[in-house]
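Residue numbers (the numbering used here), protein chains in the order written: chain W, 1 to 435; chain X, 1 to 453.
Since the hints were derived computationally from the structure, they do not count as laboratory data. Incorrect hints may have been included.
[What the hints assert, rightly or not] Derived lysine-lysine pairs resembling DSSO-like cross-links, with alpha carbons at most 30 Å apart:
| hint | chain 1 | residue 1 | chain 2 | residue 2 |
| --- | --- | --- | --- | --- |
| 1 | W | LYS163 | X | LYS268 |
| 2 | X | LYS80 | X | LYS96 |
| 3 | X | LYS96 | X | LYS83 |
| 4 | X | LYS337 | X | LYS61 |
| 5 | X | LYS61 | X | LYS80 |
| 6 | W | LYS176 | X | LYS48 |
| 7 | X | LYS284 | X | LYS221 |
| 8 | X | LYS204 | W | LYS187 |
| 9 | X | LYS179 | W | LYS187 |
| 10 | X | LYS13 | W | LYS321 |
[Unchecked claim] Ranges between beta-carbon positions, derived for each pair:
| hint | chain 1 | residue 1 | chain 2 | residue 2 | range |
| --- | --- | --- | --- | --- | --- |
| 11 | X | ASP181 | W | ARG287 | 33 to 43 Å |
| 12 | W | ASN365 | X | ASP446 | 31 to 41 Å |
| 13 | X | THR447 | W | ILE421 | 25 to 35 Å |
| 14 | X | ARG15 | W | ALA298 | 20 to 30 Å |
| 15 | X | GLY104 | W | ASN367 | 45 to 55 Å |
| 16 | X | GLU71 | W | PHE283 | 45 to 55 Å |
| 17 | W | VAL357 | X | PHE22 | 28 to 38 Å |
| 18 | X | ILE205 | W | GLY132 | 48 to 58 Å |
| 19 | W | VAL357 | X | PHE393 | 35 to 45 Å |
| 20 | X | ARG441 | W | PHE283 | 57 to 67 Å |
From the three backbone atoms N, C-alpha and C, an ideal C-beta is built for every residue, glycine too.
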Amino acid sequence: MLKLFLWLRYLRKKKIVILCIVAVALSVSLLLVVDSFFTGLIEGLKNSLAAQSGDAFAYIYGRPIPRYNAFLNRLSALKEVDAAAPVCMGGGLLWLQSGDVREAAIKGIDVEKDSKFINWRNCLLRQKEQSGPLNFDVAGYPDANGVWVGVKLIAEPNERTDKYDTGEIRKLIGKKVVFTTEGYGGKRKVIPLRISDIAFTDTIWGDQTLYVPFEYLFEIQTDIAEAEYANIFKLKLDKGYSSEAVRSVVSDFWQSYARQDLGWKDDDIFRLNIDYEQEHSYFVELRKQMAILLLIFAVICSVVVLLVFCIFYMIVETKLKDIAIIKSCGASSTTAALIFTGFGGCIGLTGSVLGVVIGYVIVRNVNILERWVHIITGVKLWRRSSYILNYIPNQLNWPDVFPIALAAVAGCCVGALIPAIVAAKTKPVDILRYE
Amino acid sequence: MYKFVLAFRFLLKRRISYFSVFAVALCVFVVFVVMTVLSGLTADFKEKTHSWSGDCIVSTKSLVGFSYYEEFMQILQEQKEIKAVSPVIRGYAIVKTTSDNDTGVYVDRTLEVMGIEPVSYSKVTGFSEWLRYKTGELQNSFKQFYDVNLPGCIMGIGFLFARDTNGNYILPDRVPQMKVDVSCFPLTAKGALARAGTDVVSSKIFALSNVAHTGISSDWKNIYIPFEQAQLLCGMAGELKRANALYVKFSDGVALNDGCSKVQSLWKEFVEDKKGLSQSELLKNVKVQNWKVYNRDMVAVADTQQGLMIIVFAMMAVITVFIVFVVFYMIVSHKSKDIGILKSVGISNGNIMFLFLLFAFLIGALGSTIGAVGGWQFLVHINQIEDWLFEQFKFQLWDRELYAIGDIPNSIDLHVLITIILSAVSACLLGAFLPSRQAGRLQPVDTLRVSKL
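For reference, chain W alone in the conformation it holds in the complex (with noise of 0.2 Å):
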């Protein structure tokens, strides 16, 4: 009761404590901070590459598969895939103009199935606002091939502002544009199209590909032109599932599916092949990159054990008359040794539970953060046009919270060890006497 007392009393009367209280709250939200962008920057890329790619992709190689919709439907009741829709992919030329040619990537998606992994519908300028099935229809076209093209590929953002004009962008809606494949087979062909809608992704390479209905890309590519065929497939797994464990359920159940309801031979059966994006070692690499910052602004935030030993250095030099009181009353070495770590971890505390809330109000609003800087100072700290994410990560990382609020009380104990042992040696008699 007596060091709480003392605590409170030493945190209400000695001003200086509340500099050390600043400084680990500084230490901590500038910790937290590093730690979710980073967090935020590497989930962010996963799950738009998620988004675009799927966790994972299935091919089937040489033989596409008849009626998809009943092999995705049977395939996405596995409690280990949350969600599979088909893809086809490719590249080529886009005609905009005469005299405006610009190369892109084309997808082609399956709407209805895609958006299990993409929310399509805030993605798309026109759409956005209405409700309804998304479709590829354009006004006043009803027999034209509807397209959304990503808003890179048709607009430039203010130099300055870096942001897009939705106005201009707008009226290029229902414009005719042409795509010229790559060639598929040898054979390239030409695609008159018709702008249906913008696309904003996010991400920098969703930005600059064209999505084109399934079915009809595929058709191009394949020259099948019966429905619902296909060969590669992006699915979502389920959280909490290993790709191994993932990866052997989907080739059971691929050598089942094949043998049974397609009567496919063992030839054919085993053409597909698993490839798992997510495990890609550039994520391992960024992660290792965000350890050594924060390692580096670990050592950084270590000075601070040295603010706080130095601020309980002298609370202790300037209360050893008080400390000689009380060991005279009959405390013991330790409890005025505790006074002073446990005061320690109080402020510890306080810093921390301060810094998180610093630390939470700056991830939240750093995006706004970033568009007051460019307000005021004129400097774009995050250029979303270049950038793989158009948005800066406002998401703390709740996981490290603790660790890092635990590690400051800890520094900060560790800190006012040394002043508590001065505190604990302390002689009444030595202290207590007139000079």
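Starting from the known structure of chain W, fit chain X onto it as the hints suggest.
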């Protein structure tokens, strides 16, 4: 004199000041090492990007290109601000290598094809330094001797060779024999795909004559072929020849912005002159940009990283100010009697303040020196340390198979070092200012009386 003696005495006798020195040294060490490595990487990356595109680029994003480029080149070459100009074709092609080649690598993908004139291109860019096999004269860059009937091509090194753990490409002694089938999309001036006809060729086989190592992403994206061949394959070799870009190098001493403004105004006049002529509408799509704007997608990332690092290091300076403040606050509290004695023998407030600021300066200077020397030693051995870490624990700061980084940059920039030291000393002076002022204001009558319970 007494001020210097006392300041040194405080520094040596007060153990608490060692903590300030340590804190300053640690901050200087971290900032110095991280800034040197990051600045080195950023500067190296920017230099490579600059070297790849010259100072100024007159270009269009459209693959159709623009006409009358030769006339504009002539105008540019007459300007004293311009050192060299080189036309470039940037097209899109399906590139296939034959499987029976020396490297065992098979490429079948779409790439960016660049049509270049080796001699003029090397005057504008670092082309001659990129080539990994010596060719003698630059005009022989596309010559190869294993199939004299085929024109040569240069491929980005990333397609063909693997890297060792140090990030160095493992190259054979001579250029590997490899045939490369390049299929382009010949476009008319209006942007339509040119129909197969007597004068339109869209596909051609080349023989590998060299490999280019630019150190940036182009090593995995580009294939270089002779300018005339590229012009032909992209459908730009008609009556009115077209190109996609003009790369410009400014004369020595010409500032980037001045040079670009000059080219911009010349371009404006040129477009005005050509108004109404055939294919003049293609000139409207052309932009004149300096290399930083042109490569914005690449350079912006590096700039932001540097900016964020500076913000973080500014926060470190704030922490240093805090520490020095606390230490000085403590010292002043402890030395109140000494200050009282000094003032009672006639020392002024200003001199007391100066004494403590001098003490702060000594802490800053000593801490900075220790941090700088430690940082310098660490940087000198940083690559050896990384090698040792890799041998012992398989740990690399950057995975060389993923990043186009060779050695960790460790060349010391004196400007950066001086800025860091000055900032550290300033932070110390700033942190010590309030306690010093408080020390100067102490009254001997208060400080020298005997304490009572």
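Hint check, failures only: 2, 3, 4, 6 and 12
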